[in-house]
Amino acid sequence: SRSVLGRTLTVNAAPATVIGVMPAGFRIADTQADLLLPLRFDRAKLPLGLFSYYGIARLKPGKTVADANADIARMIPIWLRSWPALPGNDARTYSDVWHIAPAVRPLKQDVLGTVGELLWLAMAAIVIVLLIACANVANLMLIRSAARRHEFAIRAALGAGVSRLARVSMLEGATVGFLGGAAGVGMAALALHWLLALAPANLPRLSEVGLDGEVVAIGLVVASLAGVVVGFIAAARAGSAPLFEGLHAGNRGSSAGQGQRRFQRSLVIAQVALVVVVLICAGLLIRTTAALRAVDPGFAGPEQVQTLRISMRTGQIREPERVARRQQEIVEALAAIPGVRAVGFGSSVPMDEFNHQGSRVEVEGRAADPRRPETAGRRLKSISPGFFDAIGTALLAGRDLTWMDLYDDRPVVLVSANMARELWTTPAAALGKRLRVEDDARWREVVGVVADVHEDGLRRPAPSIVYLPSLRRDGSPEANLFGPLQVARSVIFAARSSLAGTEAFRRQLQEAVSSVDPSLPMTAVRTLRDIYDRSLARTTFAVVTLVVAACAALALGVIGIYGVISYAVSLRRREIAIRLALGAEQGNVRRQFVRHGLALAVTGISIGLVAATGVTQLTASLLYDVQPIDALTYATVAIGLTVVAALASYLPARRASAVDPAGSLAAE
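Count along the sequence shown starting at 1, add 349, and that's the number in the numbering used here.
It should be emphasised that the hints constitute simulated quantities derived from the structure, not laboratory data.
It is possible that part of the hints are untrue.
[As the list claims (entries may be wrong)] Pairwise CB distance ranges (calculated):
| id | residue 1 | residue 2 | range |
| --- | --- | --- | --- |
| 1 | Leu-967 | Gly-568 | 22 to 32 Å |
| 2 | Thr-962 | Ala-506 | 47 to 57 Å |
| 3 | Leu-545 | Arg-1004 | 42 to 52 Å |
| 4 | Ser-556 | Met-753 | 41 to 51 Å |
| 5 | Ala-378 | Lys-412 | 17 to 27 Å |
| 6 | Gly-465 | Pro-870 | 33 to 43 Å |
| 7 | Thr-962 | Val-460 | 30 to 40 Å |
| 8 | Glu-794 | Lys-457 | 42 to 52 Å |
| 9 | Gly-568 | Asp-882 | 21 to 31 Å |
| 10 | Ser-847 | Ala-777 | 31 to 41 Å |
Remember, it's a predicted structure, so these values are computed and weren't measured experimentally.
The beta-carbon is built from N, C-alpha and C at its ideal position, and this holds for glycine as well.
Could you build all of it, start to finish, from the sequences and the hints given here?
Structural data, given as structure tokens:
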């Protein structure tokens, strides 16, 4: 509605005039937004940047990314001369230590990221299953065409051309493919909601994924074409036999030629090889998931931690101390909810998207040198008392913050265990030591050491973290110079309760926050388990995709082996009856067919193992603590598939050994 133009909204306690409306579905990169606000800088106060923002631009016609990077490289020295450096740094820090350089890249790279690899993996698994299914149907149609060789030979003798005979077989294949495709579309419609729930949140345009007419049409066309190709192969094999052989195919004891049987066995071997590849890829990802789940994230019971973000802008509450007291009141209101065991807040919680504020750290008694390891970039996090109890992170040494630390402006700090070990050997040795971050000239005493937390997901090592009070004053007490109070205005509250994740508990949280300040909205309300699972979504989606493909491939492979052995049994029924009538043991007959099935399976498994050594290299980016060539996974797949193949061969072999010789010979 154009009537919204010129109307006023209250945004962050300040009036804002609506000046435009973007199209439905508008995104910046792949980020949706309800409100687009102007970003304003006070140029008089700008230092050299902390690189907290992304820039987006459209290249001029004929220009390339390399041209843009070259232009920015020319501007970097000008930029370094134009603005003051951050405290404790100079222009050389940016060029010599941080190695600031141009980093223009295509927008597609940011939108897709590594999801492209995941989508190609899913597509490859689908194609392999399709190939296995085609091989299976081709085998069945070859068997059917062998049974109809006499019919086809008579038709050919009466003047039917090869193309006419091929059309019959191709029409059958197209019908089978279309009906199978239609069944697949129905199954996809039922499974789509479940698969979307498992899809990684960074999958581009995930909200638009669905079964529309184009998708259904493509699925049916691909399935039908696959059926046509299979039908053509069956017709070509049937039509390649000499006419006189076909005319005699109706006689007793006639069977498919050696060439056709070799082709059928080749299809089964190819099926088994493809099954091995899919099973190994799925096995590697299953082991990756198990390895990731075994990693201690640094927090406990995430399903019992409810998180919510609350922001207090300067337009709502100007004084930093009043902000801190209002945050404490919210903590107390949340803690009063029945069943809540601990409450705290921080500038971020583990594994969420606000975990990237960093700074260099200087240790007291050591010369400040930007090139020294201890002065490398550290993660900074502002927290309140009780934050670690709420998220379940263990305190290894010392004590937690108190509210008096905040209000009395005590120069204290907590650090992570890996940082304590790196700088002072043990967590206990860190207590009483002092450090300062680069934008704070004030030395702060380490009063506590907490367990390492995998802030960036389980795949990446736990970063070294400095935990600062959410209310603090920067400055230098030695020079009697203190800056203004600083407060974390946008924080995530964490409340530990067995009711976390329920709608009733969410309403209780809203009521508690409203009782303190009804103007404060809650955003990003979710459990820590939701955030944790989201960090594993990429691997989980890949595992589910490959496991589904592997199960389908295994079932089709078993059907293929079973079909070939059953067909062999049916062709040799008279021979088996004669052998049994002459005294052959049933066990020997069974072993003969089981050996035949195992020979096909072992050949396919061997080829598949070799092929998998190359294919699994493509999944290396998805693996964790598992090598692409993993002996345990390869051996498990090979042994397991051999056992399954033996069972698939045993069932028709058992039926063959149970033939009644007298009845079979009488029928012949």
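How the hints compare with the structure:
1. One distance hint, 22 to 32 Å for the beta-carbon pair Leu-967 and Gly-568, holds here, with the actual separation near 25 Å.
2. Range check, Thr-962 to Ala-506: about 51 Å between beta-carbon atoms, so the 47 to 57 Å window is met.
3. Restraint check, Leu-545 to Arg-1004: a C-beta distance of roughly 44 Å satisfies the suggested window 42 to 52 Å.
4. Taking the beta carbon of each, Ser-556 and Met-753 are about 47 Å apart, inside 41 to 51 Å as hinted.
5. A hinted range of 17 to 27 Å for the beta carbons of Ala-378 and Lys-412 is consistent with their spacing of about 20 Å.
6. Taking 33 to 43 Å as the suggested C-beta distance range, the pair Gly-465 and Pro-870 conforms, at roughly 36 Å.
7. In this structure the supplied range 30 to 40 Å holds for Thr-962 paired with Val-460, their Cβ-Cβ distance being about 33 Å.
8. Look at Glu-794 against Lys-457: about 48 Å separates their beta carbons, and that is inside 42 to 52 Å.
9. Under the hint 21 to 31 Å, the C-beta atoms of Gly-568 and Asp-882, about 30 Å apart, fit the expected range.
10. The hint said 31 to 41 Å for the Cβ distance between Ser-847 and Ala-777, and at roughly 34 Å that hint holds.
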